[in-house]
Amino acid sequence: MSVSYVPVQWNPNKWKYDAVLIALVVVYIIVFLRLGTPAADFTRPVDGAILRIRAFGSCAFLMLTVILAIGPLARLDKRFAPILYNRRHFGVMTTAVAFTHAMYVLGWYFAYAPIPRLEALLVSNTSFGQFLGFPIEALGIAALLILSVLAATSHDFWLSFLSAPVWKSLHLMIYPAYVFVVAHVALGYFQDAKSPVFALIFTGGALTVAGLHLASWFKERRFSPSTEKWVKACKPSEIPDKRAVIVTISQQERVAIFRTGNSFSAVSNTCAHQGGPLGEGKIVYGHVTCPWHGFSYKARNGCSPAPFTEKIPTYNMSLENGVLFIDPKANQPGTDVEPIIVEGVVHG
Amino acid sequence: MAKEKDPFFVGWGKIPKDYKVFLISLTASIIAVFAILSYAISSTQSDPGDGALMGLTTAVGILQADPYPVLHVISSGRYQPGETIILSGGGKRGVVKRAAGFDGQVVRAAGVTMQRGDLNGMQLRSGKNGLRGDDTGADAFTVRVENLGRWRLTGEICDGKCLNGAMRPGRGLAHKACANLCLLGGVPPVFVSSAPVEGSEFLLMADANGKAVTEEILKFTATYVEIEGEVERRGELLIFKISPETIRLAQ
Chain A
1 MSVSYVPVQW NPNKWKYDAV LIALVVVYII VFLRLGTPAA DFTRPVDGAI LRIRAFGSCA
61 FLMLTVILAI GPLARLDKRF APILYNRRHF GVMTTAVAFT HAMYVLGWYF AYAPIPRLEA
121 LLVSNTSFGQ FLGFPIEALG IAALLILSVL AATSHDFWLS FLSAPVWKSL HLMIYPAYVF
181 VVAHVALGYF QDAKSPVFAL IFTGGALTVA GLHLASWFKE RRFSPSTEKW VKACKPSEIP
241 DKRAVIVTIS QQERVAIFRT GNSFSAVSNT CAHQGGPLGE GKIVYGHVTC PWHGFSYKAR
301 NGCSPAPFTE KIPTYNMSLE NGVLFIDPKA NQPGTDVEPI IVEGVVHG
Chain B
1 MAKEKDPFFV GWGKIPKDYK VFLISLTASI IAVFAILSYA ISSTQSDPGD GALMGLTTAV
61 GILQADPYPV LHVISSGRYQ PGETIILSGG GKRGVVKRAA GFDGQVVRAA GVTMQRGDLN
121 GMQLRSGKNG LRGDDTGADA FTVRVENLGR WRLTGEICDG KCLNGAMRPG RGLAHKACAN
181 LCLLGGVPPV FVSSAPVEGS EFLLMADANG KAVTEEILKF TATYVEIEGE VERRGELLIF
241 KISPETIRLA Q
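Line order of the protein sequences matches chains A and B. For what it's worth, my numbering labels the leading residue of the first sequence as 1, then goes sequentially. For what it's worth, my numbering labels the leading residue of the second sequence as 1, then goes sequentially.
What the hints contain is simulated information worked out from the structure, not anything from laboratory work. Fair warning: there could be bad hints in the mix.
To be verified - Computed Cβ-Cβ distance ranges for the label pairs, DEER-style:
(1) E245/B <-> F218/A: 28 to 34 Å
(2) E226/B <-> V149/A: 25 to 31 Å
(3) P116/A <-> R248/B: 29 to 35 Å
(4) K14/B <-> C234/A: 27 to 33 Å
(5) A250/B <-> V179/A: 25 to 31 Å
(6) P116/A <-> T246/B: 44 to 50 Å
(7) K194/A <-> K17/B: 34 to 40 Å
(8) L53/B <-> P116/A: 22 to 28 Å
(9) G149/B <-> I30/A: 34 to 40 Å
(10) A250/B <-> S195/A: 39 to 45 Å
(11) R44/A <-> E226/B: 25 to 31 Å
(12) R44/A <-> A208/B: 34 to 40 Å
Glycine included, every Cβ here is placed at the ideal spot set by N, Cα and C.
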């Protein structure tokens, strides 16, 4: 969290995260070029530029696959949350790797032509009406453009400038980008590779992303929405101390009921920062803390502690016959609501 | 070390001990998996074949301009008399214009040789250093022409320069745009037959009249296609005079 915009709010965890990312790329490229390729069964060596195209291209695909797996993994197992914490850096690094791939393509396949490279890139294959032979470069360009926009707007300035919902919608474009990448590979190198190894890795990666999202969606789906005026939530004892229970009150809206000792408060499940699932967070230093990036709010009024200014909606609750109920009508962000105090509640 | 009862990760805080073990294992696993995948992908890349650039050479021979410039060798330090060489220019350019004035004449060609199997190619040096009339009195001969009849062939349309070793690999769908650029630049198109025709899998393409093919073939490059046409042997090279309306994607 910050009250001013700095290029990167570095902390030790981010340094470590980025160091791992760089190591990941360096190891991948070195193994590809120096260990794997010499072991391949070639009559004559593949061109160095084409090897680099393949190395950076496949690395970018795998990185993007991991990025898309992080979200659902963090929902399914909270221990993956630290990987999600700095996911934006992962995205920026992936864009850089994909851009390197594109520059090698442009400098190799489209150089030495009678027309300028960019023009050559656009006019050399216009068979948009056919499946095999479809201009895979167009798919790659589309993916790279999206990744570049996402990388350029990954900073909190853009998050604030665009507002969280718009920013979040924009960054969901990562999914079309992945589809473009999958099509780019499926209609290009995938068709040329004679070994089943690449096919297995490629389809395995894409299916893993799809499978994890389905599993995550299925987990979410278990919280069925209620149509009643006051929504029955749970018994106070079912909420672990300093944790929350998430209650679905409509198709789009979820409420997190947090417990601090014998005090219970309900806030929106959506973090004002990037829409992170607050209900999967914890009370840290007396504040609701988002599991994604550590944004904090007071449970009773949804306000971030001074000097921060973020606010989230709160909800009214009642206790009837030992069960907590939520008024599904959200209060204005920052509205103070007296917590429900339940004496003698045992730890859940 | 006692385990924390309810560990929780906050980016700006210390990493809980329970998470540390998991994260160190996860980090090592991801890097190891990336290394394994990198090795698996790179070590199983397809063989680009034996096409390669073979260094500079000169050859004296009879130049034939249609459908694309080729040289029927009379004498050369590298080629045997009677061998046929497909000619191309620097980059993604052919030499149609340069060769037009020498059709049927004895010329001296110099440049970088390329070879893939029995397919010979040469990237000519620029200007007269690459192609000029020969006045050394080399003995010209009549190029043997033999009609081999009508064939229906399956295979791939490639550009004759990258295929020949200017790029490795110089064929396939990942190379399609490059092949199209080469063909647009005048590089001779070569059909790679899935089964040898009269002993050769490489055929220089021409239209039904023996002239250069039209841009209609560009949408079929790099894919597996079926084409009908007349096959003719000229010197050591097969010419495939295609009927463009018969081109279709093969199953």
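Q: Tell me, in ascending order, the numbers of any earlier hints that this structure violates.
A: 1, 2, 6, 7, 9, 10
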